[in-house]
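Chemist: The chain contents come next:
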Amino acid sequence: MSLSWRTRPGRPTTVAVTSGITSRARRMNAHTSSYADSPYFDWHSRAYVAASGASDRVNLGSIQTLPITTAAGLCIAIPASLFHSYFTDQVDRFVVEMDRNKIDTVKEELKKSGISVVRAGEDRLIESVSVVLVGHVLDSDLGDTIDRIDTTGYAEVMDLSLSMTGINEPSSAYLKIRATGKAEIQKALSILREVGKEKQLLVIEPIEMEAI
Amino acid sequence: MRDVKVSLVGYGIVGHGVVDALSRKKAMLRDMGLNLRLVSVTDHTGTVLAEDGVDASKILGERTLENVATSGMKGKEAISAIDSELVIEVTPTNIVHGQPGLGHMEAALSSGKHVVTSNKGPLVVSYSHLKKLAEDNGVMLKFEATVGGTMPLISLVERTLVGNCISGIQGIFNGTCNYILTRMTEEGIPYTHALSEAQDLGIAEADPSYDVEGVDTAGKVVILANSLFNMDVKYSDVDVTGITGVTPEALALAQRKGYAIKLIGDVPALTVRPTLVPLGSPIAVSGTLNSAAIYTDLSGTITVTGLGAGSIETASAILTDVISIYRTKKIDAIF
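Respectively, the protein sequence lines represent chains A and B. Here my numbering is used: position 113 in the first sequence is 95, and no number is missing along the way. Counting the second sequence from 1 gives a position; my numbering is that position plus 208.
It should be emphasised that the hints constitute simulated quantities derived from the structure, not laboratory data. Treat the numbers as computed from the prediction; the structure is a model and nothing was measured. Think of the CB as a built atom: it goes at the ideal place given N, C-alpha and C, for glycine as much as any other residue. Any given hint might turn out to be false.
Said to hold, decoys possible - Not the full set, but computed from the structure, chain B residues with beta-carbon under 10 Å of chain A: (1) Thr368; (2) Leu369; (3) Gly376; (4) Gln378; (5) Thr455; (6) Ala460; (7) Arg464; (8) Asp474; (9) Leu478; (10) Pro482.
As the list claims (entries may be wrong) - Derived lysine to aspartate or glutamate pairs resembling EDC-like cross-links, with alpha carbons at most 16 Å apart: (11) Lys179/A - Asp141/A; (12) Lys179/A - Asp447/B; (13) Lys465/B - Glu187/A; (14) Lys465/B - Asp141/A.
Here chain B stands alone, though its shape is the one from the complex (with noise of 0.2 Å):
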């Protein structure tokens, strides 16, 4: 059985989904010979810390640790000073200085700590360097959950895909921006009604520019333009339009003539724009789904769909990374 210590780091919509995951597939990963224990649970007011793994079921009730906290630490202090091999990632993203997160990978990386994360900003300011960070230090930076939440995407292309080349990958990659634009087209609503409808159903947040204007999107097509194209590109190297000029007319029309407008992200052509996609398409997903479509030289065109955010299926993406970096280093010689 290999025990590894694991350090949780962001306690918002995804940590207490992580939490949740890792306590419900116990069994499974002892099966598998992985003893995860999450020693320390980290967010802005403190740090619940249990060395034989924190109770799950104490603190999943809470919103923050503020009641429940053993400890003060917080942030790179605690990731240094914690005892831990693995530190899983998930502050609120900052798509412009990549903090805090960027600190917390820094910090985790440096001191010889894998890192998997959901938190995209950190890798959109600044991957070249975590990359070489986490390479100098002997020891994995992880990020699937970046993109497209649970759908299966750098994985699928770093793993599966392995012996194709790559020429494109073109896809839905915002939930948010995939539901207005459904139901504008459903209903035939303007752009705020069906924004508000998202925002009362919590797709959206309460200030959506960062989704409805394509800059979500945008981060994502960094992130896979900087992992899996080996570009060296920054968020301003990306041409950029939202979804808020899109109207319920323009909708109703290309659907007359066989189109839905969806967002689409385009790598390595670093757009994000609406685009007409034919009816039909395995990528015209509907609702708050994503898609990818993934262009190989020997396996043609595969296309992932799945859903791109919420709380236990981003937990499960993290989950499978976590997984991974232990299977990468031949799980049968841990034993």
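Pulled out of the complex, with its shape left as it was, chain A reads as follows (with noise of 0.2 Å):
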């Protein structure tokens, strides 16, 4: 689920999130000693300062104030405070996923920000996996494969490339599957694994991307 709005119309490009916080923080350039020390703070900051290509720390200003302790914080806070005061001077366009539930809701307090959403409610698939299948890909019935993604509603088989060989060889496929989110990617995985010991297909999935 995904939802998209624009602040300024008329503006007429669009700002990357980091630019964003980035110009908004050098302008906040205040003191920054007492947070110096902090592994945190010089992290964040550095991520900040390769963002602008800036060589000067910068101090991060109200958002010192939200619990930024982990990347994972970050990844809260940056929305947050975008939303909460950059947004109608820095950012004029960015689009962000949550339930579908929730859309009206804050839809509704958007607009009563004077903010105008400008597509909300779409699907996307913004996830993608690679699959590598090994076996009678063709003889088991390659589109009934393909099909039992595609009817999921959540994943789509995107991409397909085979290599056969002679009769009665296993041939093999390329699959790029894509999906709303990562969990549906791993609900696509594991059809595809049952599909695989069904039609005794060997499944090569990719490693998952822990950190590599």
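Dock chain one against chain two, each of which comes alone in its own frame, and use the hints as you go.
Modeler: Pasting the structure below:
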């Protein structure tokens, strides 16, 4: 589920989220000494400086008050702080995802703040995964294998490459599956695993990219 | 100088490497304050005993000890009878019942001897029992050489990364499979051809099923899970798929899309399966190399790579374990 909105109609360009924060942070260039020894502070400030291309340390201003202690915290803090104050003068347009049942409430709140929502409720296939199938991929009804993914409503096979050898020899297929989110990718993969068992296909999944 | 009497049980490829390494490193060990004396070498034909240390030059040319044995003692009997404080156990591995290594390790640990091993079987079958036996007897059980050969992994996690929480380890733990997959990719040859090439080069066994069916990798996954993740799992808990179903066409297709296919063991997921690894990823190593990505909370991802097998390479991991036992016990205090 996705939602995007626009703040200042007529603005010519889309401002990236990071550049919005950076310019804001730069403007707020306040004292940093009490935070300078903190590895978290250092880490964050470096991240922002890198985005802006500046070499000096910058302060996070009001973001400091948010519970930014981890990268996950940062992920929450950036859109939250943008939403709260920067939105009106820094960011032209960006997209967020949320549960379907929260969208109406958020739309109402945004409208009250003078923000117009330009598109809401559109499912987007934002995650993708590559899989290789080996075995009698065609003889075991490749169309059906693809349908099992496509009919889920949350995942689709977007790319398909086949490599065929002689009759009775195992063939191979490369599939790129797109889905609405990470959880949906996992669901699609587990469907494919089941299909693999059923049709005696070797399903070669990608390594989970924990940090590689 | 700390004098340590060492017994070696098992005289195959790794056993030869251990005798060679101990002999080569004698002077270096002495400089460290350790006088390791190899007082006995035992195999299935008998034992060579030498109170002053076995002369490596006299036995390294022998495939077995049949012609040089000075005693008929074998196995557990030799372990109990010989006066030593550390046993290096390198007999052939059996992942189903763990014998004969399991019996050897039990005998050594219960008589208060440290054990250093490259033998996976006993640890896969009976890790918690052996660990408890070692603790109850106040001795150490070290097994770096069981996973990834000379590639540092267990000691790296237990000591160097000790302040980190480890969320997972993924890697290539079998050099034979990696060699076969590498050759299939490079030459576009079918699995059977790559296998016979590996067999000709001595990289694969005459019966390759232990390697290519993923059994060996799964054994290593069990050892890592039990020792580093405090899990209590058995071989049967691992979901294993080998490499026999991988075709050169699949490898080529994956490569065109930016991936290599590698046999990846995953802890704590407890899986062993052919997996797509992005080309250029640090764990996508080629040939007989092993690799492991260790995911930590503080240090990010640490990747190691190294030779997973080989006589002197495995002996090197064993030697490291032997030294670490005396370092752990504060080598300074021993002088």
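Chemist: Each of the hints needs a verdict: does it hold here or not?
Modeler: Cross-check of the supplied hints:
For Thr368/B, the interface hint is violated, the least distance from its beta-carbon to any beta-carbon of chain A being 18 Å, above 10 Å. Here the hint on Leu369/B is broken, as its CB sits about 14 Å from the closest CB of chain A, past 10 Å. Nearest Cβ of chain A to the Cβ of Gly376/B: about 6 Å, under the 10 Å cut. The hint holds. Checking Gln378/B against chain A: minimum C-beta separation of about 6 Å stays under 10 Å; hint holds.
A least Cβ separation of about 6 Å between Thr455/B and chain A falls short of the 10 Å threshold, and the interface hint therefore holds. This hint holds: Ala460/B has a C-beta 7 Å from the nearest C-beta of chain A, less than the 10 Å allowed. Evaluation of the Arg464/B hint against chain A yields a held restraint, the C-beta minimum of about 7 Å falling below 10 Å. The closest approach between the C-beta of Asp474/B and any C-beta of chain A is roughly 8 Å, which is under the 10 Å cut-off, so the hint is satisfied.
For the restraint placing Leu478/B at the interface with chain A, the shortest Cβ-Cβ distance is roughly 14 Å, beyond the 10 Å limit, so the hint is violated. Taken as an interface hint, Pro482/B checks out: its beta carbon lies about 5 Å from the nearest beta carbon of chain A, inside 10 Å. For the proposed pair Lys179/A and Asp141/A, the alpha carbon gap of about 22 Å is over 16 Å, so the pair is violated. A threshold of 16 Å between alpha carbons decides the hint, and for Lys179/A with Asp447/B the separation of about 13 Å falls inside it, so the pair holds.
For a cut-off of 16 Å, the pair hint linking Lys465/B to Glu187/A stands: about 13 Å separates their Cα positions. Taken as a hint, the Lys465/B and Asp141/A pair is honoured in the structure, with Cα atoms around 11 Å apart against an allowance of 16 Å.
In summary, the numbered hints that this structure violates are 1, 2, 9 and 11.
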